[in-house]
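In case you want the letters, here they are:
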Amino acid sequence: MILKEYKYELGKIERGYNNRSLYINVGDNTIKEKEVTQFMKDKFIGGKGFGLWYLWNAVTPETRWNDPENEIVIAHGPVAGITQYPGSGKSLVVTLSPLTHMPMDSNVGGYFGPYLKFSGFDALELQGKAENDVIIYIDGNKGIVQIMESDIEEKDSHLLSEILTERFAKDEEDKKNISVVSTGSAADHTLIGLLNFSFYDIRRKGVRLKQAGRGGIGTVFRDKKIKALVVRFEGTKGNLNNPADQGKINRTGIKLHKEICDLDDKQNRMRKIGTANIIEVMDEYDLLPTHNYKFGCHKDTYKISSDKFQARVTQGLPDGCWYGCSLSCAKAADDFIPETGPYKGQKVIVDGPEYENAAALGSNIGVFDRDGVLELNFYCDTYGVDTISFGTLTAFVMECYENGILDKEKTGGLELYFGNKEAALELLHQMSRGEGFGKIAGLGIRRMKKIFIEEYGADADFLNDIGMEQKGLEYSEYLSKESLAQQGGYGLTNKGPQHDEAWLIFMDMVNNQIPTFEDKAEALHYFPMFRTWFGLMGLCKLPWNDIAPEDNKYTDEPAKIPEHVQNYVDIFNGVTGKNIDKHELIVQSERVYNFQRIFNIRMGYGKRIHDKTPYRSMGPVTEEEYLSRQERYDKQLKELVGFDPEGKTTQEKMAALRKYREEQYERLTDAVYKRRGWTMDGVPTIEKLKEIGMDLPELIEVVKKHL
Amino acid sequence: MIQVNGKEFPWEEGMTVRRLLELKKYSYPRITVKINGQFIRDEEFDTKVIHDGDEIQCIHLMAGG
Chain V
1 MILKEYKYEL GKIERGYNNR SLYINVGDNT IKEKEVTQFM KDKFIGGKGF GLWYLWNAVT
61 PETRWNDPEN EIVIAHGPVA GITQYPGSGK SLVVTLSPLT HMPMDSNVGG YFGPYLKFSG
121 FDALELQGKA ENDVIIYIDG NKGIVQIMES DIEEKDSHLL SEILTERFAK DEEDKKNISV
181 VSTGSAADHT LIGLLNFSFY DIRRKGVRLK QAGRGGIGTV FRDKKIKALV VRFEGTKGNL
241 NNPADQGKIN RTGIKLHKEI CDLDDKQNRM RKIGTANIIE VMDEYDLLPT HNYKFGCHKD
301 TYKISSDKFQ ARVTQGLPDG CWYGCSLSCA KAADDFIPET GPYKGQKVIV DGPEYENAAA
361 LGSNIGVFDR DGVLELNFYC DTYGVDTISF GTLTAFVMEC YENGILDKEK TGGLELYFGN
421 KEAALELLHQ MSRGEGFGKI AGLGIRRMKK IFIEEYGADA DFLNDIGMEQ KGLEYSEYLS
481 KESLAQQGGY GLTNKGPQHD EAWLIFMDMV NNQIPTFEDK AEALHYFPMF RTWFGLMGLC
541 KLPWNDIAPE DNKYTDEPAK IPEHVQNYVD IFNGVTGKNI DKHELIVQSE RVYNFQRIFN
601 IRMGYGKRIH DKTPYRSMGP VTEEEYLSRQ ERYDKQLKEL VGFDPEGKTT QEKMAALRKY
661 REEQYERLTD AVYKRRGWTM DGVPTIEKLK EIGMDLPELI EVVKKHL
Chain B
1 MIQVNGKEFP WEEGMTVRRL LELKKYSYPR ITVKINGQFI RDEEFDTKVI HDGDEIQCIH
61 LMAGG
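The listed protein sequences correspond, in order, to chains V and B.
In terms of our numbering, the first sequence is residues 1 to 707.
In terms of our numbering, the second sequence is residues 1 to 65.
I should point out that these hints are in silico values taken from the structure, not numbers from a laboratory.
A virtual CB, placed ideally from N, CA and C, is assigned to each residue, including glycine.
Incorrect hints may have been included.
The following label-pair restraints were derived from C-beta to C-beta distances [what the hints assert, rightly or not]:
1) V/GLU623 <-> B/LYS25: 21 to 27 Å
2) B/LYS25 <-> V/GLU666: 56 to 62 Å
3) V/LYS299 <-> B/HIS51: 32 to 38 Å
4) B/THR47 <-> V/GLU631: 50 to 56 Å
5) B/GLY14 <-> V/THR236: 56 to 62 Å
6) V/GLN566 <-> B/THR47: 33 to 39 Å
7) B/GLY14 <-> V/ILE202: 34 to 40 Å
8) B/GLU44 <-> V/LYS344: 51 to 57 Å
9) V/ILE451 <-> B/LYS7: 31 to 37 Å
10) V/LEU263 <-> B/GLU44: 16 to 22 Å
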């Protein structure tokens, strides 16, 4: 039954913008258009910037994630939807997170973002709470938006996407014109729900899923009782953005396509195995999180190495998650047959594994079993569970179990020791059913710590040391102990410890290219700003640095991949007709980055105290960890700390190392705040806001209370 | 003794770039090597000999994640 229908005039995109957005309130069935103003374009550019701005205007400091006024905003960006440059079909999703209570942003591939754009909108705001499950349908060719009651019983994304693709497509040929946004059954029962964005894979004749994984956005989606969003758009072409200079975009794209064709096999093999190419590299450099980040490598990593996955993942298909992406990293294992759960024995497509999944669902929980990782990957996706949060929180639970904080009685019989694949899968199935210990685990590490301390009498200091969350969000999958810069790359972030702001481990720990605090601070300014820019545009980060020109190594700053930075300047100018350079690119990001920081402050967070990190991210918490790398740590005590380890107990050595490392992090924090133009409490100064043109009255009003 | 990425590392007679990368367990395929500021081409890794006291940079071109 259709609850509300809204008709709109089809429009034409001009230089990357429709200049309007779509607002839908599922509580009172309001559907309306809003103007995208020049102010919005100047200050927030698009994508995540638009999402944050709309969310800012929708909520108050008192708004909680499950209040009706919380919004989910899906926005792409001015460059999104071009088909000439790889990685140009991303959507950015923003909401108040149930895990962090702050704005969360998560980027995702699939066709929804570009189709939303071609349907006439630069962003989609979803607000309110429906009484019963609803499906929202946008027909981008007819100019119709509908809110309808859901009549679908299926609760998991791989089925929902398939059913809705089938339902809204005219015929088989039309399925490629459909994209579905949905989540799964576990999003009803956990705080780590994700959103799946679909695209129809015409070669596989099956629906593929890409994930907006982080921060519980799927949980908010279900709290609003939205079953799915569906967009249909027929007529995708390479010039629908009506760019200012199509030739410039074409030339830039051709250059990168050639680079990928010539060099990918020699560099990262993205076309063969995607981001999973680095599993064994991380292991070899002692960076692969193992057993809740205690260690960085394991003797059994070869069982989940990239060649094992490559042998299972279908080869030779153009696996782009948007048209024109020749990097083709959206790999999939076809005809996979799960051994457990409701889909046991059925043939399914597993989208992945990406590196993060292999580390989270593999080494970090001790599951060195390729098909075990794939099964966990499949169920996380279709149940709507963030693989990173699931892996990291399961690793935490396993360490608690092995330390006697949890036992079979508390877990309802689950023997959650490292490596128990069956128990990890059952935990996930419990999340889907909303039962047992899965329901507790699905609350995330921060809430589990509180329960274990208050109800089970666990040692608070120990749990705070080993619980790999910060700001309420679970860490992503790199071991940062030996890289101070990466500790900052995780800790000194806006949304929590996700490496999409800065990934500096090799520059810092291995290459030693940023030895001083000032060097590290510069990197923790530049890279977060540069990477933020992808989220303003609707672009993917991977074609920036997972392929590099052959002569990149001879450039002054190879880590920045200068030629690719110029490519991005060129395609932005090519689409919009503006004339920015690489410096203005950074300022565009700074505006949104500082805005997000102030948004956090407005919500009661975003200060120095919130940037502190668990000690497991900095150094060895347990004797077992210290002793496993004793030679390294003893040497550091002697050479860096000025502490003679001779004759000292392990506890004494650990205490000296901890004191040193925690001081280093504080000094790094000082340097980074200074570089970013913030006070030593992490608050953007008014001078900084003036410098970047963000001295807006509403922002000044927030920061001045903290200066 | 040689310097590798700013840190001391034991030198051995006849040490080539390839041998150094093995000893350091630098297995990542995209590594650029400089000896005393001079780029070493990948094709020379097997033959280029490192001398005692050399300053080596082994830059992993991985901006990752």
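* To do: Could you see if the CB distance from B/GLY14 to V/ILE202 stays within 34 to 40 Å?
  => violated (57 Å)
* Within 56 to 62 Å or not, the Cβ separation of B/GLY14 and V/THR236? -> holds (60 Å)
* **Whether the CB-CB distance between V/GLN566 and B/THR47 falls inside 33 to 39 Å** => holds (35 Å)
* To do: Note whether the CB distance of V/ILE451 and B/LYS7 lies within 31 to 37 Å or breaks it.
  => Violated - the Cβ-Cβ distance for V/ILE451 and B/LYS7, about 44 Å, lies outside 31 to 37 Å.
* For B/THR47 and V/GLU631, compare the CB-CB distance with the range 50 to 56 Å and indicate the outcome. => violated (32 Å)
* Range agreement (Cβ of B/HIS51 with Cβ of V/LYS299, hint 32 to 38 Å) -> Check passed, 36 Å falls within 32 to 38 Å.
* Asked: Quick one: are V/LEU263 and B/GLU44 within 16 to 22 Å, going by C-beta?
  -> holds (20 Å)
* Asked: Do B/LYS25 and V/GLU666 keep their Cβ atoms within the hinted range of 56 to 62 Å?
  -> violated (32 Å)
* Asked: Has the hinted range 51 to 57 Å been met by the Cβ atoms of B/GLU44 and V/LYS344?
  -> Given range 51 to 57 Å: holds, Cβ gap about 55 Å.
* Asked: Honestly, do V/GLU623 and B/LYS25 meet the 21 to 27 Å range at C-beta?
  -> For V/GLU623 and B/LYS25 the Cβ distance comes to about 26 Å; the hint holds.
Hint compliance for this structure: hints 2, 4, 7, 9 are not met, and every other hint is.
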